[in-house]
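Engineer: Chain S is fixed; fit chain V with the ligands onto it per the hints.
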Amino acid sequence: MAQAVAHDQKEHAAGAAHGHGGHHPPTSLGVNTRKLGLWTFISSEAIFFTALISTYLVLKPRNLALGGPVPEDFLGITLTAILAFILLMSSLTMVLALNAVEHNDRRGTHLWLGATILLGLMFLGGQTYEFNKLWSEGFHTVTITKQDGKIEQIGVAEHHLEAELEHLHEEYPGAQIQQGPRKPVTWTTSIFGSTFFTLTGFHGTHVGIGVIWLSIVLAMSLRGAISSRNSLTVEMAGLYWHFVDLVWVAIFTLIYLI
Amino acid sequence: MATTAVPIPQVGERRWWHTAWEWITTVDHKRIGIMYIVTAIAFFVWGGIDALLIRIQLAQAENTFLSPQVYNELFTMHGTTMVFLAIMPLNAGLGNFIIPLMVGANDMAYPRLNALGFWLFLFGGIFLNSSYLIGHPPDAGWFAYAPLSANGGVMPKTNAMDFWVLGINILGVSSILGSINFIVTVFNLRAPGMKFNRMPLFVWAQLVVAFLVIFSFPSITVASVLLYFDRNFGTAFFLPERGGDPMLWQHLFWFFGHPEVYILILPAFGIISEIFPVFSRKPIFGYAFIAYSSVAIGFLGFTVWAHHMFSVGMGPWANAAFSATSLMISIPTGVKIFNWLATLWGGSLNFKTPLYYGVAFIFLFVIGGITGVMLALPPLDYQTTDTYFVVGHFHYVLFGGAIFAIFAGFYYWWPKMFGRMLSERLGIWQFWLMFIGMNLTFMPMHYLGMIGMPRRTWTYDSGLGFEFWNLMETIGALMIALSVSIFILNAILSRRNGEIAGNDPWDGHTLEWATTSPPPPHNFDSLPVIRTRRPVWDLKYGEAQHFTKPRDAKAAGSTDEEHTPPSIHLPPPSFYPIVLAFGLTMAAYGLLYSSVAFGPSLTAIIVGISIVFVAIAGLASEAARD
Ligand code: HEM
Ligand SMILES: [Cu+2]
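So the protein sequences, as listed, match chains S and V.
Using the working numbering, the letters of the first sequence correspond one by one to residues 1 to 258.
Using the working numbering, the letters of the second sequence correspond one by one to residues 1 to 626.
Note that these hints are calculated values from the structure, not bench results.
The structure presented is a predicted model; accordingly, all values stated were derived computationally and were not measured.
If a hint is listed, it holds; no wrong ones were tucked in.
Quick list of the computed label-pair ranges, beta carbon to beta carbon: (1) 88(S) to 134(V): 43 to 53 Å; (2) 145(S) to 456(V): 38 to 48 Å; (3) 228(S) to 16(V): 42 to 52 Å.
Computed, partial: chain V to chain S, Cβ under 8 Å: (4) 109; (5) 184; (6) 189; (7) 219; (8) 222; (9) 233; (10) 234; (11) 245.
Beyond 12 Å from chain V on every Cβ pair, some chain S residues (computed): (12) 137; (13) 167; (14) 168; (15) 253.
Here a beta-carbon is modelled for each residue, glycine too, at the ideal position from N, C-alpha and C.
Pulled out of the complex, with its shape left as it was, chain S reads as follows (with noise of 0.2 Å):
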């Protein structure tokens, strides 16, 4: 507020001149009016993305007790470092072309825009890719029926199945053990497969809605019209951005990592 209060004695000093160059022209609070309402709907979004992982981790016990796939069987560390790596360098690439427009250098900024939009565009591919291998690995639910009755259910992945089941006879000797059909990693044969895709594949929605934005401020570079003088349009889709990257961090961390 103090804030606030300052800015407002300085723009009546400043009166009609309106300041600094017109640049960011006056407002109550100093911040341009889209930029401010950009944050405002990232910060919604926030909590969009935090109810979906919330509901990831909510659920991962209740998979991993009625014998769905354990996420550490099929989410490869390597491709999703990968894919965060692509990711991290996309922002880097996206400061890079803020910084070009600023200081009006057209190679340079359709260089960096293009360079963001290709990163994003290999992100999806990477994306697909695994979402395909999912579709394409099993898993059995085995069901172990112990000596004293009690009865559990354990995921196990297509790959480990005969190692695992002969792992099982060895620790409960005497249990019963069945396996289950083969299933596919999908959408809808386990909750791991629920909640995995739909946080990740509305993530992904986001890259792409990204990727669009991106390729339009592209083109109107291309066409000409972004300069220093509108380099808001390039902040302001590079805020977006940024934004996808960082959920993708939290994703990385709290789904795969942990």
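Structural biologist: Frame of chain S, contents of chain V with the ligands only:
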């Protein structure tokens, strides 16, 4: 109002469709506010008819006026309509009309987005209610508890709850966009001198509400989208037999649902905080306390959601924690009550209709607050949850609180909106009927709940001692209906031959009274200098009698190098908002049938989304031009 920048083709006389087109394409916050209010009153009446039918059914024991299924549909639609289509848009409408005037702006920060918010609200409401005609109305309660709602509502294999899910999301988009607009307007478009701590308390309250909306709605968005997946695509987020978790629904829903009740009531607090000082001819007592207690309520409102879930088995620790936070909320609420009372105290009271409603508000809201505190105690809640005691509680806060304050606001601001006064005589009649009817309807519910009458049940056995008070409640409901009819009559008569209001009929304090009634399209020709919280009062009775130019809405948002001189520029009308809302609604109809008719449904979705994209492009190019 016909002097807007709207380029009306000069084709002889003005036909009705010129006027209609003007309203459809308007981006003027005052017209949008009026459209919100008129539409919301219509939905309020509709939701009221639902309630009357429910009350007729309950007037006697073992009544068969309604079937159980229709009863379920009616209480679901009643709750959903009143929350999302009546009280929220009434608040949004008052906010739209009043906030830019109160902060001395020419319009909202994003006028076209503002129009979009209204059209999404209207289309969302139509979408939801079209279920009566082309399907089955939702029937699993406004809280849509899963797995009941996930399995197809009470009647399996209908898309009733899909109407609910999709309708709620259209309305959610509308609310979030509207709230972003409020936040940015209040942050950025205040007139020079209108510092945060000089802002009218109504603006403070609406600002907090806007934050509550943007932080709570995503939770119901996620919940309802997952519900939609469960219902249509074979997932099992909320289906326990396949590993899903019904408690997850309740957490996601109430994380939205409790802030939502403050979304409904905080604007009411704001209205009361405006009316009391004017009608006591005194400054508000404890301005800062009232402003900051709104913020405190907003924060705490996010920490109490599970008090709606005491009896589902969260365990003693969770129950105790959520009980404690719930009790804490009564502190900032109590602070407000005492400040309002202190404002009235020793004032020279001008007992007009708005003050009648205001004083009654305090009385009724305190009753609702007390029962709220009672329900926040798990042992008591175990006994009363899912009984009529809860129904009594929330009607005292929602009807006695929100609706009474909104009527206070109508009587107070109607002259500013339409230039004519509402009749005092009819107003007082309406007030007493509503006050008596309200208490007759909802007070006995506490008793009935205590002696065990369950809520959400279509009838009750005779001989349990429920008959007499249920009959009284139905009579009370009819009195409320009569009272609302008197209001509508009052509004119509006022349009025709109400007393001309003049700029400042109540001897007001805040900036909206510094302009004409109704205000011109650009709101202000000039503004009084703002040095205190009561600029118009200063103008009339203080020393400071200067004027300044109002802030230019367009200039504040523009990014042009050469800055336009501070002349007033209003954005031209636009038809893209209604087009965008139409496209989105079309996509929603597509999604409604995704599991029964995939082809046509996909077509509707694709066409709808394409329309949305075209409209976004149109809006973006218009935004670039102005
Ligand atoms: C002092 C503040 C309040 C407290 C401590 C409080 C507490 C509670 C509790 C514990 C319940 C759950 C009862 C049950 O289902 O067993 C409840 C229900 C409810 N309250 Fe409040 N309340 C307060 C104020 C309000 C306000 C201001 C509103 C709205 C303007 C409100 C609206 C509702 C509604 C709509 C329900 C019922 C929801 C449903 O089950 O459909 N409450 N309240
Ligand atoms: Cu609550």
